[in-house]
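**Q** Here are the chains, one letter per residue:
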Amino acid sequence: MNRLHGWVLSFASAIVGALVLSLSSVWLNIERMDLAYDLNKLEKELASRTALCNKLELERNNLISPYRLKRLAALYGLGPVGTGQMRLMTGQAAAQNAPAEGQGN
Amino acid sequence: MATAKSRIERKRPKDMAGRSITDTAKLKLAGVAMLFAVLWVLLWGRAAYVQVFLGPKLADAAGRQTLATEFETGERGRIYASNNAILATSVESKSVYATPVEVENAAQTAQSLTQLLGGQRKSLERDLSSKKGFVWVKRQIDDVEAQAILKANLAGIHLTSEFRRMYPNRHLAGQVLGFVDVDGKGLEGVENMFDERMAGSKAKFVVQRDAAGRRLYLDAQGREMNIRGQDVRLTIDTVVQDAAEQSLADAVHKFNGRSGMAVVVRVETGEILALAHYPYFNSNSPADARPGIRRDRAASDIYEPGSVMKPFVFATALEQKVIDPNKVIDCENGRWVLRGKPIRDTHPYRWLSANRVLRYSSNIGTAKIGLSLGAQPYYAALRKLGFGERPGLGLPNESPGMLRQPKEWNELDLANISFGQGIGVTGLQMVKAYLTLANHGVKKPLRLVADPAPEDLPEPERVFSQKTADTVLSMMREVVEEDGTGKLARIPGVPMAGKTGTAQKASGKGYGTGIVASFVGLVPADKPEFLFMVTVDEPSPVTFGGVVCAPAVRDIAIKTLSYFGRLPEGKGAPTPDAPEYAMQAKATHPPQAESGGAGVPNLVGLSVRRALEVLGKRGVVPSLKGSGMVITAQKPAHGEPWPEGSGKDDAFTLWLGRGDKEQKQ
Numbered sequence: 043m044n045r046l047h048g049w050v051l052s053f054a055s056a057i058v059g060a061l062v063l064s065l066s067s068v069w070l071n072i073e074r075m076d077l078a079y080d081l082n083k084l085e086k087e088l089a090s091r092t093a094l095c096n097k098l099e100l101e102r103n104n105l106i107s108p109y110r111l112k113r114l115a116a117l118y119g120l121g122p123v124g125t126g127q128m129r130l131m132t133g134q135a136a137a138q139n140a141p142a143e144g145q146g147n
Numbered sequence: 000m001a002t003a004k005s006r007i008e009r010k011r012p013k014d015m016a017g018r019s020i021t022d023t024a025k026l027k028l029a030g031v032a033m034l035f036a037v038l039w040v041l042l043w044g045r046a047a048y049v050q051v052f053l054g055p056k057l058a059d060a061a062g063r064q065t066l067a068t069e070f071e072t073g074e075r076g077r078i079y080a081s082n083n084a085i086l087a088t089s090v091e092s093k094s095v096y097a098t099p100v101e102v103e104n105a106a107q108t109a110q111s112l113t114q115l116l117g118g119q120r121k122s123l124e125r126d127l128s129s130k131k132g133f134v135w136v137k138r139q140i141d142d143v144e145a146q147a148i149l150k151a152n153l154a155g156i157h158l159t160s161e162f163r164r165m166y167p168n169r170h171l172a173g174q175v176l177g178f179v180d181v182d183g184k185g186l187e188g189v190e191n192m193f194d195e196r197m198a199g200s201k202a203k204f205v206v207q208r209d210a211a212g213r214r215l216y217l218d219a220q221g222r223e224m225n226i227r228g229q230d231v232r233l234t235i236d237t238v239v240q241d242a243a244e245q246s247l248a249d250a251v252h253k254f255n256g257r258s259g260m261a262v263v264v265r266v267e268t269g270e271i272l273a274l275a276h277y278p279y280f281n282s283n284s285p286a287d288a289r290p291g292i293r294r295d296r297a298a299s300d301i302y303e304p305g306s307v308m309k310p311f312v313f314a315t316a317l318e319q320k321v322i323d324p325n326k327v328i329d330c331e332n333g334r335w336v337l338r339g340k341p342i343r344d345t346h347p348y349r350w351l352s353a354n355r356v357l358r359y360s361s362n363i364g365t366a367k368i369g370l371s372l373g374a375q376p377y378y379a380a381l382r383k384l385g386f387g388e389r390p391g392l393g394l395p396n397e398s399p400g401m402l403r404q405p406k407e408w409n410e411l412d413l414a415n416i417s418f419g420q421g422i423g424v425t426g427l428q429m430v431k432a433y434l435t436l437a438n439h440g441v442k443k444p445l446r447l448v449a450d451p452a453p454e455d456l457p458e459p460e461r462v463f464s465q466k467t468a469d470t471v472l473s474m475m476r477e478v479v480e481e482d483g484t485g486k487l488a489r490i491p492g493v494p495m496a497g498k499t500g501t502a503q504k505a506s507g508k509g510y511g512t513g514i515v516a517s518f519v520g521l522v523p524a525d526k527p528e529f530l531f532m533v534t535v536d537e538p539s540p541v542t543f544g545g546v547v548c549a550p551a552v553r554d555i556a557i558k559t560l561s562y563f564g565r566l567p568e569g570k571g572a573p574t575p576d577a578p579e580y581a582m583q584a585k586a587t588h589p590p591q592a593e594s595g596g597a598g599v600p601n602l603v604g605l606s607v608r609r610a611l612e613v614l615g616k617r618g619v620v621p622s623l624k625g626s627g628m629v630i631t632a633q634k635p636a637h638g639e640p641w642p643e644g645s646g647k648d649d650a651f652t653l654w655l656g657r658g659d660k661e662q663k664q
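Those protein sequence lines, which keep their order, are chains A and B. According to this note's numbering, the first sequence is numbered sequentially starting from 43. According to this note's numbering, the second sequence is numbered sequentially starting from 0.
Excised from the complex, chain B in its bound form (with noise of 0.2 Å):
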């Protein structure tokens, strides 16, 4: 028992010497424990603090370190013909900006600008100077220049992109399409009209940034949407238009007018083909212009129209059964004295029925219809066809013209205004009253935009009964075909109703020595397609209308009914009053014979166009003669050498036939 005790006691110490130990040690990891613990809290406290609390705060400075926010602004839309082709675009062109901060030496920079894009050294010097942080240098540079600047490498002189209006058929319909200023916000004419449906709009988005400051775009945030504008497409065609703009500057140039303009119209449609204004404006340089250039004349600029109004007192006076056709006037020789003031004809004349009164453009015969008739139904007439209003194109600009109320009219008034003096029309306005005399009638709008297609469009309004319309015509017919004013409009084959118009310009407080020409033509006569009207402003020293703008009429006429097939095909030689439209393929250096040495060859019974592929070759183009689609007969015969001279008239010439063999001798 005493050796089992003593044992006990022998173990006891050793116990607690061991437990005291594993006391320590377990003490000691708690303590590490504790300290991780601690220093565990503490982590996670930090991290809290920063994720929690600073979170946001470090974000938007992260942010602002790695993204940028980036803006960007859409190409401006295009304006389109109705052949497609384009008016007017935008081209990425670059810029040149300057960070005067970054500038190392003014002088010498300016000095390399100077070189390299022109310009004033020494203002460009003053603002490389000065500290602002963003100067433009130069802006819509072309590429060569954008080229050399790169190549420069100038400190503080960097390049941006921006987008540059461009015509690329220069000055065609010019005024009508206007003009952008620098920024590419529409100053004038279509671009100023649409100027909120092209112009592009602007995109924000946002872009991370590398550690060389590339941008980096990581997704489509705020890139998705169409920032390009919306495209335009007008009624011009541009044949047509170069057609008109053309024969209107010869015009203008042959009897040394100022100025001049030029419409044509579809009738069907309403739609304008042209619009031409005499000079002409350049939209891709607006600064060399002066303002009076610049403007749509036709939409803008009001002028007393003459004779040209005659037609719609005609029309009122016969709607009103006030004349017939054959109703007799007395033209009182010329003279005719009213309210003391004296009105007179270019040509006097005693006694004329109505259609020769017209065909004539009788001034006095025309006063005493417009006097029988009476202001207030001439009046109203005359506000139907769209006198008095803007015409509704939607152009800047577009004036209403000049019309006052019937009450104002004395006796002299209405006299002179039926032969279109003391109202005052813009050019667009009598094409719009044509129009309705042209289509029988019915008054319908003009048309300059086809997409976007216009919005409430007026109902068709009839202004003259069909009867009266189609009579107006046929008298019209007569001063183109007949003996009238306006027989230098006439084309053969292609009948055509018009009236000329030789105004008197206002001066002051009467009329002074200026005189506005125009010609109104309507094609074919009996059913129209197509409207043209030519003004010549100030012509000297021929100032009528007949002999200014009728042959312009007719020179624009030919090229547009040709332009769309609709001249008559030719039955015989070519007429000999019209040598300057004459085919001549004169290639004057024609191509190398394939089979060289080789006389002509048989062409007869061949389709005239295989015949001229095969004359073409040989760079001969033939003098057709006759009608028909096969070749009857031939000169030079076959086996006969080759012309010489093939740019000369009738160097070969190939007869038409229907493939009867029959030969011309």
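Isolated chain A (complex conformation) (with noise of 0.2 Å):
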């Protein structure tokens, strides 16, 4: 009786399990479409994000080309710097200055 019993109770255990297996197979393939449908999204907001950055980044490299950046200059009368006029002030403009500067002090 009792081995019958237990045999019954295993046959249970297993259709439970299987029923429990299907259903999780299913829920998750609903999921991985589900995923698969976020992923599409994701993908194509990301693909659109970066051919606009794309341009942006084109655009931003074409407002600082020298030739757009001559007529600005231009229009604000300002032009490369000449013989006799350039003033050096980086630290080794500094740096040359300063032994000259302690002399004469």
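Watch out, some of these pointers could steer you wrong.
What the hints assert, rightly or not - Counterexamples of contact, computed for chain B against chain A with all Cβ distances above 12 Å:
#: 1; residue: Trp39
#: 2; residue: Arg232
#: 3; residue: His252
#: 4; residue: Leu456
#: 5; residue: Pro600
#: 6; residue: Arg608
Stated by the list, open to error - In the DSSO-like style, the derived pairs of lysine-lysine whose C-alpha atoms are separated by at most 27 Å in a straight line are:
#: 7; chain 1: A; residue 1: Lys97; chain 2: B; residue 2: Lys184
#: 8; chain 1: A; residue 1: Lys83; chain 2: B; residue 2: Lys203
#: 9; chain 1: B; residue 1: Lys253; chain 2: A; residue 2: Lys97
#: 10; chain 1: A; residue 1: Lys83; chain 2: B; residue 2: Lys150
#: 11; chain 1: A; residue 1: Lys83; chain 2: B; residue 2: Lys201
#: 12; chain 1: B; residue 1: Lys253; chain 2: A; residue 2: Lys86
#: 13; chain 1: A; residue 1: Lys112; chain 2: B; residue 2: Lys634
#: 14; chain 1: B; residue 1: Lys150; chain 2: A; residue 2: Lys86
Treat the hints as calculated values from the structure; they're not laboratory data. Being a predicted model, the structure only gives us computed values, none of them experimental. Beta carbons: idealized from backbone N, C-alpha and C, even for Gly.
Since each chain comes alone in its own frame, lean on the hints to assemble the complex.
**A** Right, dumping it as structure tokens:
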């Protein structure tokens, strides 16, 4: 009797297990499809933002291109530095000048 | 006993009846079981048939229904300049195509498309009426047009994404960059040279389709690879390139030239910082330019260089000890007949030392040096300098020039080749040869591409001794610094070595009236860091390289040196001979002063930077006088009203010093 009971229980468990696995499989597939839809949407958004980013980068490069900057500089009366007009204000120049200033003082 | 027997007998029929009922039931059960078993076997059989026998075929059919193969082409790699500016990039762009079988009314659709996109209505209508499965309507349209197409919602008309090649700096270095066709294949210049490297690769992957036909990526199969093309980085610097292009264009316009080219090279590395051509070529619209304008003429066009070849004769003659700088040569008063052909100088000279022959660019003197030198040594030196072979940049259509074998030279040929006639060179060959001189006699390869790094670079080869190269450089310095032909290239405070060239152009069997003017400059003269070359084709009415091209080289050199912070620091007021470069910050509408109505602040004792910041807020850029980092005096003085018309020169002047409170009166 006990042995039969054990068999029945095992069979029932197997059936329930199979059912649970089947349902899980269905549920996972649905989730997978949902995820695929979301991924699809996100990929499209990423592609569109990347494309926009590329276009903005292109525009930025156009705006800082020499011919644009030159036109803008001309508008404000600016031009390249000429001979005898350059004043180096970098650390190198300061270093060059520092000993002379020290001596002067 | 009898009673017991009869009981048994009575019971037997009953048992017999029960047994027969049981047997029937068992039979029925067995039948049902058998039926189920048969059905079960049939089911399993069918299942096995479907799974095992039909399985692959059905899986294939299901796959066709739910899976689709997609191809994706990667973005083409970018081209960068050495200062990180983007010279060429690809952006996503929409293209319009039609599926004619889906088009409901071809005439009406064609009409709508023509209104939105332009083009020929009749040919489009013919295409839309055809039985083709696919027809391009217009490729690589802009975003506004794409929106309009979407809004129109025309049956059978679809949009797809493609990459469109864009050049944000417009014509900058157009001939060097080249261009691509509508499918993104490089056809000229660097685009062609690195087409394989920059081209995006194709990925093939499987996607799942849902009932609505949407494509879903369920795994990364086939998408894990990087399909984007690789970038290329050039040695070109956009600022130097722009300066070269602008100065070249000015020279060509001013002297009515047909075309021109300019090259700037960093001597230490052999990197080409600028490779400019005029007329310009905009790679964004290659169809608008003639093939003659599109090609990289510095690499492909052969011309007779004229006097810019002379330093190489001098270097070879010095190396072979045929001459020394002080050797006196008879320049025949400007006319000398050799083998019945006259050789002329622009100005008549009689006796000139070798250095003066170069300084005044005497053809006769140079021809005599060439004749003393002989054909074979000169030819060998020219070959070592890179003439007669491709410059080795890898650009498409690089020409090896035209250098005949010395056995084919007669005396007149040797004389002509000595002063740059009768030999065909390209601009890049000439620059490469001068790079050897600038590099103190050691041959160095020119470089246009920084990344990918060039492979198999030739070993540095000494062509001339350092002493020879330095002697020639000092002779070339006289061309600019003394009363030579290149004095218009002179930059105060910057020693320059240079050589002018004014070459006749071959026409038919002889020489016509066309002239190629050129100038090569090396800065600084004693230890060159930058090499500049400008060539203008057929200038008029003035044709001298020293007049047409030397000022352009000067202009490019000033802009390049100022960009790299290598111009000498100002010691006083700006030189009056360069007013076009004067930094006059003339804001036409100066910003409102923060404290309107107040007088000029006291700037004495402040650092230059701080004083410029204070004045900058008022829209005033002062004139700086003297040298040093500290303001020692100012005009207007402290408390005086702000000067009117800040755009005028010297409206506000600051005197600089070393902080010793020295006051300028």
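**Q** Indicate, hint by hint, whether the structure satisfies it.
**A** Structure-based check of all given hints:
1. Trp39: Label holds. Min Cβ-Cβ 17 Å, cutoff 12 Å.
2. Arg232: holds (15 Å)
3. His252: Consistent with the label, His252 (chain B) stays out of reach of chain A, its closest Cβ about 16 Å off (over 12 Å).
4. Leu456: holds (30 Å)
5. Pro600: holds (20 Å)
6. Arg608: violated (6 Å)
7. A:Lys97 - B:Lys184: holds (21 Å)
8. A:Lys83 - B:Lys203: Holds: Lys83 (chain A) and Lys203 (chain B) sit about 21 Å apart, inside 27 Å.
9. B:Lys253 - A:Lys97: Distance of about 38 Å is beyond 27 Å: violated.
10. A:Lys83 - B:Lys150: Judged against 27 Å, a Cα distance of about 21 Å means the pair holds.
11. A:Lys83 - B:Lys201: holds (23 Å)
12. B:Lys253 - A:Lys86: Violated: Lys253 (chain B) and Lys86 (chain A) sit about 54 Å apart, past 27 Å.
13. A:Lys112 - B:Lys634: Answer violated: Lys112 (chain A) to Lys634 (chain B) is near 31 Å, above 27 Å.
14. B:Lys150 - A:Lys86: Status holds; Cα separation ~20 Å.
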